[in-house]
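Peer 1: Chains as they are written, first to last, in this note's numbering: chain G, 1 to 204; chain R, 205 to 404.
Any given hint might turn out to be false.
One-sided excerpt, in silico: chain R residues whose CB lies under 7 Å from chain G [stated by the list, open to error]:
1. 266
2. 268
3. 271
4. 272
5. 275
6. 279
7. 341
8. 344
9. 369
10. 373
11. 375
12. 378
13. 381
14. 382
15. 388
16. 399
These aren't lab readings, by the way, just hints derived from the structure by calculation.
All C-beta atoms, glycine included, are put in the ideal place defined by N, C-alpha and C.
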Amino acid sequence: MKKYQTRDWVYIWLFGALWGGIELSLGTILHVIFPPLVNTFFTGLIMASAGCIIALTGRSFIQKPWSIVLIGIITALLKLVSPGGVKLGPVVAILMESLLMEAAVSLFGQRLRTGYITAGILALIWNFIHRFVMLRILFGKNVVEVAVMMAKSGGKLLGIDEKRLIAIILILLVVRVAAGTVSGFAALKLGAEIRKRLELKYGA
Amino acid sequence: MERRRAFVWIEILLLFYALVLSFLLTDFLLIIPLILVIVLSLLYIKVFLQLLGRIKFWIIVISPIIISAFLAGERDLSFYFLNLSSSGAVIGVTMAVRAFCLMLTVALMFSRVSLSALIRFFEARGLKGFGLSIGVAYNMLFSFSRTGRVVFETLRLRGMIRRHPFKSIRLYIVSVISSTLQHGDDIVNAATVKAFDIKS
């Protein structure tokens with residue numbers, strides 16, 4: 001691991017706190033606005049996109065390996081000690097997203113655009129899988145059987161056949177891939193714009 | 205003091221044991237972690253009651269029983285005008301017990317963790333910068349909300365939000381992050397002047 005200087009740690013806590021602040025403020029508002037059942041589709045998507053933009057923008061200022069993971073750990077710890085009780089789901093999601101983003105950015109190295117977009121896509125795809133993984137952890141192997149039956153009876157009730165159910169899942173996945181691409185690209189642009197703005201202001 | 209600390213560690217170990225048992229055991233054996241968790245939760249009665257008072261907690265615990273009773277297995281049970289499946293209800297109860305144990309164990313475990321304890325933990329393991337990062341990040345949360353409000357009011361007073369809503373979102377994010385980084389640079393400069401240096 002490259003040595004982290006004081007400035008790197010300061011930036012890590014700043015971006016960690018920013019992501020944490022968004023989780024605590026926007027996250028709470030969205031959970032109140034959207035009922036629990038649409039969480040997977042709206043709240044998760046918005047929160048993951050925001051987190052992805054912040055973490056990847058942070059990476060453009062702290063160009064050292066593991067910086068995204070450290071930002072994610074700070075955010076997760078803030079979430080853990082926040083008032084309102086322990087929610088294991090968001091903590092696992094934050095850690096996994098930061099780990100996937102770090103892996104993608106490290107893998108592509110100098111090819112920043114590809115790395116950032118892949119990182120965004122991976123983080124947003126995890127956000128989709130996350131709900132199923134958490135359900136499996138929480139309820140055990142029986143949940144798979146019940147979920148399949150639930151999907152089948154739900155489909156029958158609404159007059160939707162199984163192929164269309166798969167199509168709906170695919171559409172949700174495609175929406176997340178698109179959101180991930182936009183988030184990765186936005187983080188890249190945002191990093192450049194902030195750097196330009198700071199240079200114009202301070203000549204730093 | 206030492207005795208109290210040892211007692212806390214024993215509690216945490218027992219909770220961890222209950223967590224592992226909840227993961228590994230199935231069906232009727234889940235009664236073991238359930239009893240263990242309920243006994244341990246009596247030590248943290250405030251957290252226990254707080255969790256029991258949450259509607260979301262009960263939705264998560266009760267929903268598998270209802271869903272499974274309706275969907276899984278043959279409907280051999282009649283309850284008023286409803287036809288339910290007894291085998292489905294059993295599956296649902298095991299799922300609910302597992303979820304109950306896991307959620308309660310995690311809540312109890314983390315109720316013992318405070319911000320200062322976390323910082324102490326990282327500092328003791330040589331991660332000096334990391335412990336400091338958590339402490340300062342926690343305090344920074346309040347200054348972010350102030351910065352965010354100031355930037356938002358500035359954009360609103362200039363009429364940006366109404367005229368260019370999308371551009372104003374971009375400007376809002378850029379302004380908040382830039383001012384945050386400036387604040388960070390101030391902290392770094394202050395640390396340098398005081399010869400404070402974290403290297404890991």
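Peer 1: Each of the hints needs a verdict: does it hold here or not?
Peer 2: Hint-by-hint comparison with the structure:
no.	hint	result
1	266	violated (12 Å)
2	268	holds (6 Å)
3	271	holds (6 Å)
4	272	holds (5 Å)
5	275	holds (4 Å)
6	279	violated (12 Å)
7	341	holds (4 Å)
8	344	holds (4 Å)
9	369	violated (16 Å)
10	373	violated (10 Å)
11	375	violated (10 Å)
12	378	holds (6 Å)
13	381	holds (5 Å)
14	382	holds (5 Å)
15	388	holds (5 Å)
16	399	violated (11 Å)
Hints 1, 6, 9, 10, 11, 16 from the list above are not met by this structure, while the remaining hints are.
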